[in-house]
Every structure is written in structure tokens, then in C-alpha cells.
Amino acid sequence: MVKARGKQAMKKILATATAIVALAVGIGSANAADKLKACWMYVGPHNDGGYSEGHDVGRQMVQKELGDKVETSYVESIAEGPDAERALERLARSGCEIIFSTSFGFMDPTIKVAAKFPKVKFEHATGFKTAPNVGTYNARFYEGRYIAGQIAAKQSKSGVAGYIVSFPIPEVVMGINSFMLGAQSINPDFKLKIVWVNSWFDPAKEADAAKALFDQGADIITQHTDSPAPLQIAQERGLHGFGQAHNMYDFAPKAQYTAIIDTWGPYYVKRVNAVLDGTWKAEQIWDGLKDGILHMADYTNLPDDVVASAKDTQAKIEAGTLHPFKGPIFKQDGTEVIGEGKTLDDGTLLSMNWYVKGIDDKLPQ
Amino acid sequence: MTGLMLEGILLTIITAATPLLFASIGELVTERSGVLNLGVEGMMAMGAVIGFAVAHSTGNIALGVVGAILAGMAMAALFGVVTLIFVANQVASGLALTLFGLGLSGLIGDAFVGVPGAGLARVSIPGLSDLPVVGLLFRLDPLTYLAVAITIAVSWFLFRMRGGLVLRAVGDSHVSAHALGYSVIRVRFMAVLFGGACSGLAGAYLSLVYTPQWTQAMTAGRGWIALALVVFGTWLPGRVAIGALLFGGVSILQLHAQALGVGVPSQFLSALPYLTTVIVLVIISRNRALVRANTPAALGQSFVPDR
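Chains as they are written, first to last, in our numbering: chain A, 289 to 653; chain B, 280 to 586.
No wet-lab data here; the hints were simulated from the structure.
In this text, all values refer to a predicted model and were calculated from it rather than measured experimentally.
Fair warning: there could be bad hints in the mix.
[Stated by the list, open to error] Not the full set, but computed from the structure, chain B residues with beta-carbon under 8 Å of chain A: (1) Val392; (2) Gly393; (3) Pro395; (4) Ser434; (5) Ile531.
[As the list claims (entries may be wrong)] If you want the footprint, here are the derived chain A segments under chain B, 3+ residues with CB under 8 Å: (6) 334-348; (7) 485-491; (8) 496-505; (9) 509-517.
Just so you know, even glycine gets a beta-carbon here, dropped at the ideal spot from N, CA and C.
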């Protein structure tokens with residue numbers, strides 16, 4: 289008897305809950321009818337002063353340029369993995385029509401969730417898996433890193449640079465190799481010390497890594513993590529480095545040579561517009577310096593001739609006459625990856641899991 | 280390895296250990312009174328953001344530190360009211376405090392993201408700082424000295440002073456302490472507040488000294504490490520300090536090992552600080568008598584005085 293009553297009560301609660309949900313969904317879709325809902329998912333805080341903020345600046349540009357035609361929203365600090373899947377599903381259910389998932393580790397969750405929501409459009413940054421409703425987009429950050437590598441080789445007195453990295457994914461390995469190839473084009477004996485901090489964002493740990501690298505003789509630091517802490521350490525020690533994803537000049541006005549700035553805004557505006565006029569389709573976009581999806585911050589704290597040669601390299605990359613991954617390129621063990629006169633194709637770059645010759649470090653697999 | 284490099288490494292280790300020491304000493308006092316506050320991470324985050332905000336707005340780092348202490352205490356007071364007066368579950372309330380602190384600090388700190396802060400300069404103690412080898416210990420930042428002073432003071436208070444005896448009595452058997460006429464709730468509330476103040480200091484150390492900047496979630500799990508260190512140190516201040524240095528030391532040395540290129544997988548090296556802590560924890564726990572003698576017997580138990 290008691291059990292039966294419990295069941296009835298349960299049914300009532302369920303019915304009420306269903307009604308409320310239905311109402312909420314109804315309201316949601318009524319709103320969505322007038323405005324396109326575009327959503328973003330970030331791996332860090334939206335204002336991390338680095339990578340995620342770069343995407344959020346892009347989102348704000350969409351909101352500003354498209355005004356009342358769109359409604360943008362974001363979820364932040366989503367861990368890569370199962371959490372990402374839940375968050376994406378929540379976004380898709382809440383009426384987002386296009387979802388930008390902005391971190392490499394969101395790749396599989398994006399593909400999985402996209403299969404469940406065929407009408408929702410997904411765009412995944414820096415990955416390589418696609419589906420009919422999943423496109424990818426990325427910037428050729430390695431172009432900027434090549435320029436940074438050249439500057440490092442020209443400026444370093446010890447001939448050693450420190451490189452703070454997050455996770456051994458192709459994007460990161462590609463960056464390390466490009467930096468090293470740039471440095472080797474100036475000084476063939478250039479050395480690189482690499483420290484993995486296993487995090488995209490942990491200011492204190494990044495600072496510790498920078499100190500360790502400086503203590504071991506590096507006098508220039510570069511990073512593939514998102515906080516300005518390493519540059520602050522460089523400034524404290526009177527040494528130098530490069531900003532990552534964002535102009536970090538304000539944090540280290542005496543230490544930053546330049547920064548590779550992600551400029552996602554124009555791309556986001558273009559893609560959301562495509563959804564608005566019905567021309568969106570899943571594509572694999574990989575733009576570079578010439579397309580304006582990344583910029584180099586002002587060259588500072590450098591002698592004029594180094595600035596001039598950096599600008600020259602930048603112009604050559606933009607014009608397409610210089611490709612950082614132009615052969616001959618050798619792996620660590622000396623095997624040739626590509627011969628004289630040829631350049632590595634995008635597929636090889638996007639699946640890169642080996643170091644170029646000259647890096648004496650073991651790549652974690 | 281040159282002397283200069285060794286000195287650099289030692290300095291970095293001390294810097295890495297200081298926030299852990301602050302937070303774990305505070306939590307040690309809280310737990311010695313029988314209260315388990317899992318909100319260390321949240322209190323640290325609040326200390327970090329308020330410390331940075333005050334220091335940046337007033338241009339005075341000392342004021343920032345005071346602000347951080349007050350912020351930590353305010354968070355702790357909230358926890359105290361909920362768990363001691365309204366007798367809510369300590370574990371659940373502590374977890375909630377962490378989530379609340381992380382969220383609220385993000386909200387408050389929104390205006391301070393991307394703003395560079397002025398770091399706290401190191402202070403050299405004249406005469407002593409020029410000594411070979413140990414001179415290094417007298418060229419630290421003022422907050423590190425404070426952390427060491429607090430550790431010594433806490434140790435003295437707990438085992439050499441009457442107040443400390445009362446605090447430990449409350450933590451071991453609140454019923455007996457109550458029967459003897461001590462106000463269990465008041466003692467516990469003070470201990471919780473002290474824990475909050477120390478967590479606030481730990482946060483301030485991160486946002487004002489370690490990496491002079493504010494970013495959301497910059498505590499990055501250090502509050503949880505501090506909680507583990509209290510158990511690691513079997514609720515003894517000296518051991519907790521050793522634990523903080525050990526954890527800080529291993530996390531810094533593994534970075535150096537990577538930079539040297541020792542050929543050990545970096546994932547393993549990154550796991551080393553945690554691994555070391557767990558191993559030492561296991562070894563310590565084997566000495567049952569020692570653990571039992573120092574574990575607050577009433578830890579985590581709510582006290583409702585029966586009138």
C-alpha cells in the first residue's frame with residue numbers, strides 16, 4: 289500500500305517535471321526562432337589571459353558584428369574527456385545551432401555528440417576528425433613559431449632556449465619542431481630544453497618550469513601553455529621570451545620579444561554568417577598568417593636588424609615563398625622525412641609525433 | 280651542477296613549498312580541534328583574488344595580504360556557522376565551500392584578469408644573508424619568513440601552552456572537554472577562523488609573490504595537496520613542514536630532471552610528487568601507535584551540547 293502510494297507520488301512528480309521541461313523547451317525554441325544561438329566551449333576560464341580568452345574575444349566580435357541576429361553564450365573550464373561530452377550535450381539540448389568546441393581534447397566528444405544531434409552544426413578547433421555536421425578549423429601557429437625560433441637563435445647568448453609544453457599532441461609537437469627548424473636556420477647547433485607540465489593552465493607550475501629551465505642555462509623561454517607566468521619569471525631574471533595565444537606584453541614589457549596572437553574573430557563571424565544564410569557546410573579550414581587568423585605582436589626589446597629579419601621572414605611566409613617545413617627534414621635518428629625542395633603535406637603535419645634532428649629529448653608517447 | 284644553480288633550485292623549492300605550508304598548517308589547527316574543513320581550495324582562491332584586488336587598488340602589498348587574511352577568515356566563518364552552529368555535515372559543507380570559493384573568486388576577479396601585479400621583493404637579513412650555503416635562507420620574501428614563524432608558533436602553542444592543550448582536548452573528545460567546562464563551539468570556531476586566515480595567506484602568496492597576477496582557478500588544486508599533507512604529517516607541524524618541502528622539492532626536481540633530459544617518461548616524472556606522498560603516507564600509517572596518538576579522535580564529528 290505504502291509502496292503503491294509512493295509510486296503514485298513519483299508519477300505525479302515525474303509528470304510535473306515533464307511539464308516544466310516541456311514548457312522550458314517551448315520557451316527556448318520560441319526565442320531561438322528569432323535569434324541564431326551560437327555557443328562556445330572553452331577548456332580554461334574565458335578570461336585566462338591566453339588561449340581561451342582568444343576564443344572569447346572572437347565570440348564577442350560575433351556578438352558585436354551580428355548584433356541582434358545572434359545570441360552567443362559560452363561554457364568555460366570544461367575538462368577534456370567525459371565532462372566535455374556532457375557539456376556539449378547540454379549545449380546541443382539548450383538550442384545551440386552552431387557549437388564551437390575549442391580545444392584539441394574535445395575532439396572525440398564532439399564527434400560523439402554530433403552524431404546524436406544531426407541538425408546542430410559543430411566546429412572543432414585544432415582537431416582532425418570530421419562528420420557531415422562537424423567541421424574543423426585551425427590556425428598555422430607553426431608559422432609564428434618558426435619566426436620565434438629565428439629570433440631566439442639570434443638573441444640567445446647561451447644558444448639554449450627553454451620550451452614549456454602541455455601535452456604531446458601533434459599540434460604541440462609541430463610547434464616545437466617549427467621553433468627548432470627556425471632556430472637551426474640561424475644557428476645549426478642551437479639547443480632546446482623541453483619541460484612537460486601536463487596542464488594547459490597552471491600559472492605556478494608554469495613559473496616553476498620557467499625557473500628550472502633558466503637555472504639550467506636557457507636564456508630564452510617559449511611555451512605552449514596558456515598563462516603569462518613564464519614571461520613574468522623571464523622579466524624578473526632580466527631574460528626574454530615569447531607570448532602565447534595572446535599579447536602578454538603588459539605582463540612582461542621588458543621580456544616579451546613578440547607573441548603569437550590568435551585572431552579567431554573574423555573567422556567566427558564568417559562561419560556564423562554562413563549558418564544565418566544557410567550556406568554552412570562542414571569544412572576543414574587551416575588558415576595562416578596571410579589569412580589573418582593569427583598575428584605577430586609588435587616586435588619589442590629587439591635590435592633593429594633582428595626586427596627587420598623577423599619581418600622579412602614573416603613577409604616570406606605570408607607570400608608563400610618560405611615554408612617552415614620545407615625539406616630536407618630529418619628525424620632525431622637521422623632518417624629523412626622529406627627531401628630537398630619538397631614540403632611536408634598537411635596530413636603529415638597534423639599527425640606529427642616525432643622530433644626533428646637536433647632536439648635531444650625523448651618525446652613522451 | 281654549479282653552486283648558483285643549486286641555490287636557484289633550493290629557492291624555487293622553498294617558493295613552491297610556502298603556499299602549501301601556509302594552507303596545511305592552518306588546516307592542521309582546524310583539524311586538531313576536531314573539524315574537517317575541505318574548503319581549503321576555495322578559501323585559498325578567495326585569499327588570492329582579494330589579496331590581488333586590494334594590493335592592486337591601493338598599491339600596497341601589505342594591505343593586500345591583510346585583505347587576503349580577512350577574506351579567508353570570512354569564508355571560514357561561513358563554514359563555521361554552517362557546521363558548528365547549524366551542525367551541517369562537515370564533509371559536504373567543506374566541498375561546497377570549495378566550489379563556492381572558486382566560483383565567487385572568478386566573479387570578483389573578472390576585472391583583474393590580465394592586469395599585471397607588482398611582486399613582493401625579497402628581503403635580505405643583513406649579516407646572515409652573506410653566509411655561504413645557509414645565506415640563501417636569509418634572502419627570502421617576507422611571507423616565507425611568516426610561514427616559518429607561524430609553523431613554529433603553532434607547534435609551541437599546541438604542545439607547550441594551555442590553550443593548545445584545550446584545543447587538542449576538544450579535538451580528541453568534545454564530550455569530555457564540554458564536561459570540563461570548555462566551550463567546544465567557541466574553541467572550534469577560533470580554530471576554523473585560524474585555518475581560514477592561513478588559507479587566505481596561501482592564496483595571497485600565489486597571487487602576490489609566486490606569480491603576481493590573478494587568473495581564475497590559479498590555485499590549481501594546491502588546497503587539496505595541503506589537506507593531504509596534514510594527514511601525511513600525522514597532524515604534527517614539523518612533519519607537515521617537511522611534507523610541504525618534500526612535495527615542493529619533488530615537483531621542482533622532476534622539472535629539472537626533464538630539462539636535463541634524463542630519458543624517463545615525463546608523465547612518470549609528473550606523477551612523482553603524488554607518488555612520493557602516497558608512499559610516505561603508507562609508510563607512516565604502518566606505525567599505528569604514532570598515527571593513533573596524533574589523530575584527533577573526534578575529527579569530523581559534529582558536537583551538539585546536551586543541556
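Hints and how they fare:
1. Val392: 4 Å, holds
2. Gly393: 5 Å, holds
3. Pro395: Constraint on Pro395/B satisfied, holds at 5 Å.
4. Ser434: 27 Å, violated
5. Ile531: 6 Å, holds
6. 334-348: Holds: 4 residues of the stretch 334-348 of chain A have a Cβ under 8 Å from chain B.
7. 485-491: holds (count 6)
8. 496-505: holds (count 8)
9. 509-517: holds (count 3)
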